[in-house]
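Number of protein chains: 2
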Amino acid sequence: MATDTPVLYESKGSPNSRRVRFFIAEKGIDIPMKPVDLGAKEQFSDAYRAVNPRSQVPALALADGPVITEVLAIWRYLEEAYPQTPLLGTTATSKALVAMWERRAELDGFAPVMEGVRNAVPGLKGRALSGPHAYDQIVELVERSKQRVANFFADFNERLETVRYVAGDEFSAADITTLVTVDFAANALKMPIPAEHTAFQRWYDEVSVRPSAAA
Amino acid sequence: MATDTPVLYESKGSPNSRRVRFFIAEKGIDIPMKPVDLGAKEQFSDAYRAVNPRSQVPALALADGPVITEVLAIWRYLEEAYPQTPLLGTTATSKALVAMWERRAELDGFAPVMEGVRNAVPGLKGRALSGPHAYDQIVELVERSKQRVANFFADFNERLETVRYVAGDEFSAADITTLVTVDFAANALKMPIPAEHTAFQRWYDEVSVRPSAAA
Numbered sequence: 001m002a003t004d005t006p007v008l009y010e011s012k013g014s015p016n017s018r019r020v021r022f023f024i025a026e027k028g029i030d031i032p033m034k035p036v037d038l039g040a041k042e043q044f045s046d047a048y049r050a051v052n053p054r055s056q057v058p059a060l061a062l063a064d065g066p067v068i069t070e071v072l073a074i075w076r077y078l079e080e081a082y083p084q085t086p087l088l089g090t091t092a093t094s095k096a097l098v099a100m101w102e103r104r105a106e107l108d109g110f111a112p113v114m115e116g117v118r119n120a121v122p123g124l125k126g127r128a129l130s131g132p133h134a135y136d137q138i139v140e141l142v143e144r145s146k147q148r149v150a151n152f153f154a155d156f157n158e159r160l161e162t163v164r165y166v167a168g169d170e171f172s173a174a175d176i177t178t179l180v181t182v183d184f185a186a187n188a189l190k191m192p193i194p195a196e197h198t199a200f201q202r203w204y205d206e207v208s209v210r211p212s213a214a215a
Numbered sequence: 001m002a003t004d005t006p007v008l009y010e011s012k013g014s015p016n017s018r019r020v021r022f023f024i025a026e027k028g029i030d031i032p033m034k035p036v037d038l039g040a041k042e043q044f045s046d047a048y049r050a051v052n053p054r055s056q057v058p059a060l061a062l063a064d065g066p067v068i069t070e071v072l073a074i075w076r077y078l079e080e081a082y083p084q085t086p087l088l089g090t091t092a093t094s095k096a097l098v099a100m101w102e103r104r105a106e107l108d109g110f111a112p113v114m115e116g117v118r119n120a121v122p123g124l125k126g127r128a129l130s131g132p133h134a135y136d137q138i139v140e141l142v143e144r145s146k147q148r149v150a151n152f153f154a155d156f157n158e159r160l161e162t163v164r165y166v167a168g169d170e171f172s173a174a175d176i177t178t179l180v181t182v183d184f185a186a187n188a189l190k191m192p193i194p195a196e197h198t199a200f201q202r203w204y205d206e207v208s209v210r211p212s213a214a215a
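Chains A and B supply the protein sequences, listed in that same order.
So for the first sequence, the UniProt record's numbering puts the first residue at 1; every next one is plus one.
So for the second sequence, the UniProt record's numbering puts the first residue at 1; every next one is plus one.
In case anyone wonders, no lab produced these hints; they're calculated from the structure.
Predicted model only: the values in this text are computed from it and were never measured.
Errors might be hidden in some of the hints.
One copy or two, it doesn't matter: identical chains are merged, so the pair holds either way.
Said to hold, decoys possible - Below, computed lysine to any residue pairings styled on SDA-like, alpha-carbon distance capped at 25 Å:
#1 Lys27 with Ser130
#2 Lys146 with Ile29
#3 Lys125 with Asp155
#4 Lys41 with Asn187
#5 Lys34 with Ala92
#6 Lys190 with His133
#7 Lys41 with Ala199
#8 Lys125 with Arg210
#9 Lys190 with Pro53
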């Protein structure tokens with residue numbers, strides 16, 4: 001292992017951590033991982049706050065100092081530092097299309113699933129938003145989030161009727177966010193892909209069997 | 001003008017359009033712009049839906065076909081196609097830091113301002129989220145959004161006590177999102193930078209006089 005290898009702090013139960021592990025596995029690179037036990041609230045420990053004062057995972061500690069948080073920022077570092085198997089596009093147009101579709105998966109899919117969970121779970125009372133600040137849950141958000149997830153399924157089904165992968169012909173980070181969102185919705189909101197969305201299901205059957213999806 | 005020049009659909013009153021105009025002006029590139037009149041609901045016209053079925057601005061229509069929406073995706077295209085005056089970082093580490101701080105400005109600042117506005121304004125009843133779907137306003141979100149904006153001011157003030165620009169030593173897209181957020185909060189929520197946050201104000205005084213801020 002080169003001495004300039006970064007270290008990823010992550011948690012098995014964190015969907016955002018899964019987005020990064022999936023990305024790393026697709027690239028076939030070897031990044032040491034340090035598990036953070038969210039069940040034991042280790043993210044609020046002094047030791048972890050010294051790594052990431054925002055008490056969030058994932059976080060990528062670079063060998064030369066800075067700690068990178070936010071999935072998009074960690075992906076950007078890894079894509080630039082390890083260019084093999086590009087997952088964020090290869091041309092100006094494909095990079096833009098990956099950014100656009102990845103963001104749509106996140107804003108229309110991942111974010112509402114997270115919002116639906118965090119505003120509902122009793123254990124997250126007063127912690128409706130991740131991060132260092134306390135925010136009350138808002139119960140009306142739970143229903144609105146579920147409407148948004150239903151619309152996400154329909155919109156992405158329409159998209160996947162015309163393309164093999166979310167951003168087009170090539171597997172990309174947009175597929176990673178979409179797959180993690182589907183599994184997160186099924187597990188946490190009990191909202192699997194609706195049976196009528198056969199194009200979405202075709203895509204899911206193809207992408208979910210990639211070995212990297214189990215990372 | 002080269003025949004492969006894209007066209008930007010945008011609106012003067014749209015803070016997301018301003019993020020793109022600001023970026024273009026910083027790069028000093030010449031991108032033709034087509035105004036979309038949001039006051040007249042032109043974004044819902046058949047003509048504009050043919051450009052962007054999601055009825056949102058900004059949108060960048062590329063000469064070779066695809067229409068790119070989402071600010072981050074438009075920025076990515078412009079950064080790759082017009083590499084002069086990089087605004088998304090230059091090394092793996094600085095690219096990651098720009099992505100991280102830009103996202104923090106957006107998630108902790110820009111998004112709550114938008115949420116506070118869209119869930120409050122009578123004219124946006126049933127349109128609490130931008131895009132093709134109808135969502136009811138949730139009045140409790142207005143207060144929670146304002147709390148988030150207050151925390152954003154405090155957190156970014158702390159950051160700007162130790163760095164010249166949001167992402168570090170260099171002006172970047174993170175400064176663009178932060179400046180647009182500050183003006184949006186002041187105008188739409190009547191929340192200017194609190195007087196005690198002198199580091200944030202020092203940064204604002206420096207960045208807001210760049211000619212590109214008026215684009």
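Hints and how they fare:
no.	hint	in the structure
1	Lys27 with Ser130	neither (28 Å within a copy, 35 Å between copies)
2	Lys146 with Ile29	neither (36 Å within a copy, 42 Å between copies)
3	Lys125 with Asp155	between (31 Å within a copy, 23 Å between copies)
4	Lys41 with Asn187	within (21 Å within a copy, 39 Å between copies)
5	Lys34 with Ala92	between (35 Å within a copy, 22 Å between copies)
6	Lys190 with His133	between (28 Å within a copy, 22 Å between copies)
7	Lys41 with Ala199	neither (39 Å within a copy, 33 Å between copies)
8	Lys125 with Arg210	neither (36 Å within a copy, 43 Å between copies)
9	Lys190 with Pro53	neither (32 Å within a copy, 30 Å between copies)
Of the hints listed earlier, those the structure fails to meet are numbers 1, 2, 7, 8 and 9, in rising order.
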